[in-house]
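J.: Using the hints, position chain B against chain A.
The primary structure of each chain is shown beneath.
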Amino acid sequence: NAGVMQNPRHLVRRRGQEARLRCSPMKGHSHVYWYRQLPEEGLKFMVYLQKENIIDESGMPKERFSAEFPKEGPSILRIQQVVRGDSAAYFCASSPPVAGGTDTQYFGPGTRLTVL
Amino acid sequence: KQEVTQIPAALSVPEGENLVLNCSFTDSAIYNLQWFRQDPGKGLTSLLLIQSSQREQTSGRLNASLDKSSGRSTLYIAASQPGDSATYLCAVPAGANNLFFGTGTRLTVIP
Chain A
763 NAGVMQNPRH LVRRRGQEAR LRCSPMKGHS HVYWYRQLPE EGLKFMVYLQ KENIIDESGM
823 PKERFSAEFP KEGPSILRIQ QVVRGDSAAY FCASSPPVAG GTDTQYFGPG TRLTVL
Chain B
4 KQEVTQIPAA LSVPEGENLV LNCSFTDSAI YNLQWFRQDP GKGLTSLLLI QSSQREQTSG
64 RLNASLDKSS GRSTLYIAAS QPGDSATYLC AVPAGANNLF FGTGTRLTVI P
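If you read the sequences in order, they're chains A and B. Going by the numbering used here, the first sequence opens with residue 763, and the numbers climb by one from there. Going by the numbering used here, the second sequence opens with residue 4, and the numbers climb by one from there.
Looking at chain A on its own, in the form it has when it is part of the complex (with noise of 0.2 angstroms):
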């Protein structure tokens, strides 16, 4: 059973320009979050998505930044017009659908987004 996995691991940007970040949960998970670790600073929630639906989305910048979870497909975070404090790792991690959040988050291996 594969982990989670996140593509690109590492993604390049001009000021301006569009990022697109993928995350694949884990086999049998539907539950899919989305986490942003600034330099120097700890990991920060930004949103929490199930399958074609955004659950909490109370992390995420009010402008530029959304992310979806179709049907089919991996999960998506996109940021418009990057600026250089976009700069960051970006995780995504997945549970399975288990009431009351008691179940433990996978984290995939962060996609780190340098914005020139």
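Just so you know, not all the hints are guaranteed correct.
[To be verified] 25 angstroms max Cα-Cα, derived PhoX-like pairs, lysine-lysine:
| id | chain 1 | residue 1 | chain 2 | residue 2 |
| --- | --- | --- | --- | --- |
| 1 | A | Lys833 | A | Lys789 |
| 2 | A | Lys806 | A | Lys824 |
| 3 | A | Lys833 | A | Lys813 |
| 4 | B | Lys4 | A | Lys806 |
| 5 | A | Lys789 | A | Lys813 |
| 6 | B | Lys45 | A | Lys806 |
| 7 | A | Lys824 | B | Lys4 |
| 8 | B | Lys4 | B | Lys71 |
| 9 | B | Lys45 | A | Lys789 |
| 10 | A | Lys824 | A | Lys813 |
| 11 | B | Lys71 | A | Lys806 |
To be clear, the hints were calculated from the coordinates, so they are not data collected in a lab.
T.: For chain B alone, kept in the frame of chain A given last:
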């Protein structure tokens, strides 16, 4: 508002020593607490998950305890090895099933 603090921020120990990492949280209304390990440039690996009804969990040389009333958890690592060098993060549930992470402890085990 939940705050999760880990002390110390960094720790260096010689190989073979036993050590304790600390995690404190301000809102004790949690239903579990997790300890993760993060290697440089890598993702997170879940080490231990303690449910609120439990006081401790053990996995190999690792033992994690949870005291909700005092808002504290500890991760005990026995007989440390150079391969244990990593950043250790504790996390508690927040909101709709997401995790709130501590600031981390960077551990270096010197051969």
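J.: Mind listing which of the numbered hints don't hold for this structure, in increasing order?
T.: none
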